[in-house]
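S.K.: Letter by letter, the chains look like this.
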Amino acid sequence: MALKTLTGNYAIATAVKLARVKVISAYPITPQTTIVEKLSEMIELGELEADMIRVESEHSALAAVYGAASGGVRSFTATSSHGLLYMHEMLWWVAGARIPIVMAVVSRTIGPPWNIWTDHSDVMDHRDTGWLITFVENNQEALDETIKLFRITEDKRVYLPGIVALDAFILSHTTEPVDVPDQSLVDAFLPPREQPYVFRAGNPLVLGNIPRDLKWNMRMREDVHKAMERAKKVIEEADHLWEKIVGRRHGGLTECYRCEDAKHFMIGVGAWVGDMKEAVDYLRDRFGLRVGLIKVRYFRPFPSEDIIKWLNNAASAVVFDRSISPSVGGPVFIEVLASLASAGVRTPVRGVIAGLAGVDVTHEDLANVMLTSISEVEELGAFKQNVLWFYGGE
Amino acid sequence: MPISIKDLPKEKYVLPGNAACPGCPENMGLRFVGMALGSKAILVVPAGCTAVIQGLAPGSGLNFPILNVPFASSDSVAAGLSSAKKVLGEDATVVVWAGDGGTADIGFATLSGAAERNDDIIHICVDNEAYMNTGIQRSSQTPLGAWTTTTLSGKKERKKDVPLIMLMHRIPYVATASVAYPTDFIEKLRKASTIKGFKYIHLHAPCPVGWRFDPALTASIARLAVETGMWILFDAEGGKVTISPPSKPFIDKSRRKPIREYLSIQGRFRNLTDEILKELEKQVDENWSLLLKLST
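So the protein sequences, as listed, match chains Y and U.
Be aware that the first sequence starts at 1479, since it is given in the numbering used here, and climbs by one per residue.
Be aware that the second sequence starts at 4, since it is given in the numbering used here, and climbs by one per residue.
Among the hints, erroneous ones may be present.
[To be verified] Pair ranges (Cβ atoms, derived):
| # | chain 1 | residue 1 | chain 2 | residue 2 | range |
| --- | --- | --- | --- | --- | --- |
| 1 | Y | D1665 | U | I8 | 33 to 43 angstroms |
| 2 | U | E160 | Y | E1522 | 41 to 51 angstroms |
| 3 | U | G92 | Y | D1665 | 17 to 27 angstroms |
| 4 | U | L155 | Y | P1670 | 31 to 41 angstroms |
| 5 | Y | W1694 | U | Q140 | 42 to 52 angstroms |
| 6 | Y | C1734 | U | G200 | 52 to 62 angstroms |
| 7 | Y | V1806 | U | E160 | 39 to 49 angstroms |
Hints in this document: simulated from the structure, not taken from any laboratory.
Only a predicted model underlies this, so the values are computations on that prediction, with no experimental measurement involved.
Ideal Cβ placement from N, Cα and C applies to all residues, glycine included.
Next comes chain U alone, as it looks inside the complex (with noise of 0.2 angstroms):
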């Protein structure tokens, strides 16, 4: 059922005077946590930014209960907690909120590992597609041809797509989301909190710090995302792909905006060859189309 925005509870998770940077989507993302799974979720957080927005101990700006973990170890914590949870008989959504290190990275096998196991818990990858929390060095959500401060001259590798790998793991439930569709994302983690087993949602989250740009237009960047086709929202109940509705016009390729308008108001992409640019174009077509023939 479609979310509206005067529906949602009023209840604050995210409280005023965390550590956030201006324009964090981090924040913006867990204040939609907060919206979609109220008192129920308890957070499981890696090593990233998030550990550091919360702000100083023995306070909190975040109104969740956390376990703050090391970096590869979150899903299983997580998996140990729902278990818990479950022979206490207690009812609690138990959340993996990770960035795309703590994910697709060094958190990898657990998230692998838990993933296969079908363990009761819903993980959210935070992609800001770099290693923010340490100063913007590349990972495996990095795109190619941007700038970080372990790729100078910009990454030669495209981004590996952990959705479809999560897809591959025949897991109950798949989803992308944005940070610029919140009811979209709301609606997914609604819906994900009631399947049981092992849900991933992975939440692409432009960083204004890393990507270089404005920090007022993070919600503008990741809908350009959207709109240029670079980022696809779907989610798959059961392994059925069903593109979300603010990527359906986008399946129709020419009413996607040009990427260059994504890119180019990214300090990221400031020495963005016309090559990578053609390479990059091509990646987005690939991507639908493998998309497509899934959710066929």
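So that you can see chain Y by itself, here it is in the shape it has in the complex (with noise of 0.2 angstroms):
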């Protein structure tokens, strides 16, 4: 074990490197720049043993890591917003044909107008696509997350590919004390790459051709919603053998700050959970409201018996998102909302859309959105408006 300080960039890169990474693949942008940047540094230093496909557009770096880690090597990319949208229909080629990989999704606004600044709507926008996906709070979970996703992903009760989403700037470019594990520990926690199928020169194995049985077809889909489902469990698995090798745990799909005696819940994804945290300590110590945080680390597969089981009895519950579907709402409140609804739960749920595009949004602010929706709740033992807009103080 080691303490450095590192960005969230360099956090990812340094796991990559750990997890013996053979094939790497990236197109730069804003802000996940700095972390093929640093990988091409470590593979020109002889730190890390692996090939760097410097490729023409991000739609490719996804084509070249599919190609590598079809051929039978463990391979990783990353991007951000444009990119990650321009790779699109690479995604669910991905997914649907059950090659795990990794991809570190630097997270940022999508345009118009160009604007580098956080907003999670460019991951949100492949939610669908059958990637696990996990928000990280900080660098050391942004390096402990994936490494983690490496095993989770080579898990043959999963075999699915993973992202691991970090706000832009807030953790990509912010240098933080991050605890690096040594290599023989990582070892032990990460076993060689396993996968469904490997491609081989004189093994006529076809993947993608046109179905006979379009039933077997839609059966494909129905196994990648069952593999996400199997790794709820497999995501625990992991959480609880990385604190026995490495000593630390984050939670498995949630994390739930002060809630044991909480009767009013906040919830998010991403880094700004981390101001969410000072909120509720706020509320509690200042005001003495029972006050708790449920920190959601996995949006897919969602926590739904999680987000049950902790709001079943709570008084009200507010939903922070920094990405919107329009019309409908935030998509960590919709899946809040779709959970409670499948068990019965009627408990009040607001959606408050804020930090959309970068705009910066303090613990104060999320506190005060509290007290408000608190106090409005308390009266009317409902939220007048489901879906609010908050645009932060003045």
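Fit the two chains together into the complex; they arrive one by one in their own frames, and the hints show the way.
M.R.: Encoded structure:
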């Protein structure tokens, strides 16, 4: 173990090195660029034995790692925003082909206008592709979760690709102390790569030709759905194993902060969960309010069971989304509502759309939204407005 | 070394009963790829006719390992696959088998990127001069004057010269080929497989359905393209252009057959005007003159 000061992007690059990735391909885009720069440097210095394919586009980046992974080696790519959108069809293809790949997405606003600041819309745009999606809160989690994601995606119960999402600049370019595990510990945690099949000369395996039976094709989609469900257990196992070997855990699908006696809940994903924790402390310490926070660590698979468990007897929940599905609400909000409805839980839930396009949101802002929401729900037993747009303080 | 048909391997890579149309040049081309590269080949195939020709999963009418991939991704997938085989120390020849759309149009940025990086793969463009799989729409490889379902009165633009564009990428090997000259194509494939880096082969492939001719005539029409000088067979190793033996006689313009002989048996040129014919003749002369300059 060694405590180092690393940006989120360097934490990701360090994780990729520790995972002994063999083929990397990426196209630069702000704010992902320093991941691929760092990895290039590691390769040139001989610290990392891997092939770097310096492609001409993001579409080609994911295509190249798909080719490499289909050929039997651990592969990695990273992108942001428009780069991720340009890859879109390849995400479907990789997941449908059941090929484990890990990709870092430094989440960034989608244009127009050009805007490099954080926003979760790029990642949320890919929620139905069949990729596992985890949002991290800090740089330590960025490193740990990237390594874990290789193990999770290469587990035969899963065999799906995975995205580790980190917020633009707030994590990608911010230096934090990060505990870097020894290579021997990572080797003990991460077994040699396994995958459902490998393309080799002389073995006439065919992937992707037209199906004779459409129901068989439909079953492939159901298999992705089931694998995603099975991934829930695999994620929890990986979290416990990481704790056993490295001595640190972040929670499996969710982390619940000061939830034991909580009546009102905040829910969110990504870096601003750190601010939400501060808001919880502030609301409890200053106002004596029994507020807790559900940090959704994995958006796919979605932790419906955890949400139901925590909100079953809650007085209210406020979901903060850094993206919006127009005319409906934030993606996390929608999933929370669907989870509760499926279990017949009638806890009032408000969806707050905030921090889009990189608009700054402080822990005081978050606490203020909670104060208004709690007084509203305590007075009326419900929320006047289900979806609230919040632009932050003055 | 010249190849004799007799000495070619008997192993079948195109199996009976696949989904190709009668007279399909892609089936012919795939058979030659099997003869040339045998079990060393792994094919990467983007959208196009060959996606259909393979037949229905879980079966396959082709006896190669095949990754079917989205349209604009094939050379990058192949680059990654080739890299993985290198990392694992496995002997394989990774071949992109793409149509003119997957090569020259929607696939072009990916092709150019892989060529510039000199990724260790062979790209074969099987050029039937239109988007045949979607039903005969024009491509950048459709010749001037040809009817397609999106150029009802004939295409107004000339064919983009992709082999020369690839030559200008300064890659180790560029060749043109034709389904009418299997041994020439097989020789080129075998040569390409011994060269490290990016290899490009542009295979001329007359399509009976899209060009409107009798399916029995595929090879004859492909041969006429060469004999009229409309399709020139050459290869270029390390940038040095050599006109291939089947095309050598036609360096001499007087030995070329009139292009009308090639055009008149194709329904797609049914409404060809004298003006377009003259323009096509001029283009043939220009193509020869440029290529001969490059070959000296």
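S.K.: Does the structure break any of the earlier hints, and which numbers would those be?
M.R.: 1, 4, 5
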